[in-house]
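**Q** Those protein sequence lines, which keep their order, are chains A and B. All letters in the first sequence, in the order written, are residues 1 to 241 by the numbering used here. All letters in the second sequence, in the order written, are residues 1 to 305 by the numbering used here.
The hints are simulated quantities; they were obtained by calculation from the structure and are not laboratory data. A portion of the hints provided could be inaccurate.
If you anchor each label on the Cβ, the simulated ranges turn out as follows [stated by the list, open to error]:
(1) A/A228 with B/Q127: 38 to 48 Å
(2) B/A174 with A/A231: 45 to 55 Å
(3) B/G182 with A/V171: 57 to 67 Å
(4) B/P112 with A/A228: 44 to 54 Å
(5) B/G32 with A/A94: 25 to 35 Å
(6) B/S134 with A/A224: 49 to 59 Å
(7) B/T95 with A/A94: 16 to 26 Å
From chain A, some residues computed to sit far from chain B (all C-beta separations above 12 Å) [as the list claims (entries may be wrong)]:
(8) I36
(9) A39
(10) Y48
(11) V108
(12) W119
(13) S125
(14) W179
(15) H194
(16) I221
(17) W235
For every residue, glycine included, the Cβ atom is placed at its ideal position computed from N, Cα and C.
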Amino acid sequence: MIAYLRLEVLRSLRSGGYLAYTIAFPATFYLLFTLIMQAGPMANGTQYEAYFMVSMALYGTIGAGLTSVGSRIALERTKGWTRQLALSPLRPRAYVGVKVATGAMLSVPVIGLIMLAGWLVNDVSLPWYTWLALVPALVVGGLPFAALGIAIGYTFRDEVAQMVSLAVYFVFSMAGGLWMPAMVFPDWLESISHVLPTYQAGELSWRLLAGDQPVSAGTAILAAWTAAFVALAVWRYRRTA
Amino acid sequence: MTLTTAPAIELRGLRKSFGQVRAVDGIDLTVGGGEVVALLGPNGAGKTTTLDMLLGLQPPDSGEIKVLGGSVQDAIRRGKIGAVLQEGELLPGTTVRELIATMSALQPDPMPLDEVIEHAELGGLLQRKTDKLSGGETQRVRFALALVGDPELLVMDEPTAAMDVTARRSFWAAIRNLAAAGRTILFSTHYLEEADTIADRIVLLAAGRVAADGPTTEIRAVAAARVVRFTLPGADRDELMLLPGADGVEVHGAAVTIRSADSDTLLRAMLERYRDARDVEVATAPLADAVFALTERRERDEVAA
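Produce the entire structure from the sequences given, and follow the hints as far as they go.
**A** Now the structure itself:
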């Protein structure tokens with residue numbers, strides 16, 4: 001299984017899609033948005049450059065989850081590779097586990113790169129333990145989307161799955177305040193934003209920046225979304241795998 | 001590889017329908033350890049559906065499946081069964097070597113990689129990307145994937161369909177080597193010649209049922225039917241049916257077509273009796289015709305009995 005995981009990570013690192021969608025896009029957006037728009041500090045005193053660094057790192061992490069889990073599963077089902085796998089000792093459950101682990105591992109380079117840009121280019125200064133705590137907080141924030149990816153991968157076929165993933169990805173990211181802070185939204189949109197998993201996943205890390213502990217009352221909303229996505233994934237998986 | 005003593009394959013009353021179509025309509029089949037069996041039949045006879053159910057890729061509507069004395073899932077987990085599927089792309093973005101090595105690492109008791117590579121003749125392909133292979137090359141990689149677990153039973157669905165003549169020859173040579181070590185082999189084909197040269201036993205499928213099952217020599221006799229065509233002014237169908245060896249007769253004006261499993265006898269008698277027959281032509285009947293003739297003759301025998 002470790003061998004299969006290694007092959008999956010290697011395959012993704014070689015693919016242009018991963019490099020473009022998961023790494024280049026969020027990193028470029030981060031630099032573009034922070035260098036062009038010279039925003040002042042946020043209401044709670046957090047540096048805007050640090051806030052947006054976390055937003056884009058989470059955006060990349062979610063992308064890794066949705067594309068390397070969802071679209072890949074859909075593609076491999078459509079092209080018949082999963083039939084071949086069904087004839088190997090790798091159980092479908094382990095296959096899904098490998099996909100989720102791949103997504104989580106692939107998000108680490110994105111997080112690292114954007115943090116590096118924050119530190120080197122934008123002079124983001126944080127205590128060392130906050131830097132360290134951000135990595136798991138972001139990876140954990142991305143996991144519900146890996147579950148959603150599984151549900152999409154076992155529901156739609158190749159190109160449709162890709163379109164659905166992208167649509168879900170953009171809508172959730174935008175409305176969840178990853179592209180611009182939810183506090184600048186009109187009130188109605190801001191209240192919607194607060195119940196979205198993207199916003200609450202971001203909160204885990206945004207709170208760390210403000211020096212708070214990551215878990216808050218809003219984390220329950222994230223947990224509820226996660227439970228729903230997992231249930232959806234299990235149902236779709238049982239129906240199709 | 002340690003051999004199991006139970007039959008390699010046991011299928012009982014296997015059925016599967018897709019909507020109104022009965023793809024598999026009650027198949028019983030037992031394959032003993034070490035047998036090399038060809039599943040022969042025209043397209044649509046139910047070969048692929050039968051193999052898919054055997055491999056656990058599709059659930060049967062009803063019936064029982066036992067592989068090496070247990071469930072197919074158990075055989076797969078222990079690497080005791082290997083299969084070459086007809087369709088399906090390989091995992092893209094990897095080299096042939098990486099893919100084979102990874103799939104081998106999943107096996108509890110793998111065949112040494114060198115052996116896999118040798119059997120499947122992958123020597124020259126190891127560094128190639130899996131998405132840049134020809135149909136025949138892809139098929140060799142699939143064959144290698146079927147071997148990584150060092151299986152006792154090898155199931156193959158039309159394994160040579162994408163291969164050219166040379167590739168076919170070396171593929172079957174590899175199969176003979178694998179069979180010589182005591183492995184059981186079940187493969188489907190719609191070429192009688194392939195079944196004939198490789199298998200010890202042929203199971204003939206038609207319309208989702210076993211139409212005939214026996215040693216290769218026996219089945220070849222019935223499956224290798226010929227059609228004899230000639231021109232005969234004033235031909236009479238009923239009279240022609242009385243010719244020895246005539247299994248089926250069609251008459252359109254002066255054009256006569258006779259299906260026969262013994263064309264030599266038929267021709268001798270026909271030329272003797274009908275001096276004015278001309279433009280005689282003998283051809284191998286398509287497999288579909290042969291199967292049809294066989295089932296038709298059996299029905300006639302049943303009516304007569």
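**Q** Compare the structure with each hint and give your call.
**A** Verification of the supplied hints:
Separation of A/A228 from B/Q127 is about 45 Å and conforms to the stated range, judged on CB atoms against 38 to 48 Å. For the pair B/A174 and A/A231, the supplied restraint of 45 to 55 Å holds, since their beta-carbon distance comes to about 48 Å. Our hint of 57 to 67 Å for B/G182 and A/V171 holds, since their Cβ atoms are close to 59 Å apart. Between B/P112 and A/A228 the Cβ separation comes to about 48 Å, which falls inside the hinted range of 44 to 54 Å.
In this structure the supplied range 25 to 35 Å holds for B/G32 paired with A/A94, their Cβ-Cβ distance being about 34 Å. Under the hint 49 to 59 Å, the C-beta atoms of B/S134 and A/A224, about 51 Å apart, fit the expected range. Here the CB-CB span from B/T95 to A/A94 is close to 23 Å, well matched to the stated 16 to 26 Å. Non-interface status of A/I36 relative to chain B is upheld: no Cβ of that chain comes within 12 Å, the nearest being about 36 Å off.
Distance check on A/A39: its Cβ is at least 40 Å (rounded) from any Cβ of chain B, clearing the 12 Å threshold; non-interface status holds. For A/Y48, the non-interface assignment is confirmed: its Cβ lies about 38 Å from the closest Cβ of chain B, beyond the 12 Å cut-off. For A/V108, the requirement that its beta carbon stay farther than 12 Å from each beta carbon of chain B is met, with the minimum near 20 Å. Listed as outside the interface, A/W119 is consistent with that label: its C-beta sits roughly 32 Å from the nearest C-beta of chain B, beyond the 12 Å cut-off.
The Cβ of A/S125 sits about 39 Å from the closest Cβ of chain B, beyond the 12 Å cut-off, so the non-interface label holds. Against chain B, the non-interface label of A/W179 holds: every CB pair exceeds 12 Å, the least being about 30 Å. Every Cβ of chain B is farther than 12 Å from the Cβ of A/H194; the closest lies at roughly 40 Å, confirming the non-interface assignment. Annotated as non-interface, A/I221 keeps its C-beta farther than 12 Å from every C-beta of chain B; the closest such distance is 37 Å.
For A/W235, the requirement that its beta carbon stay farther than 12 Å from each beta carbon of chain B is met, with the minimum near 19 Å.
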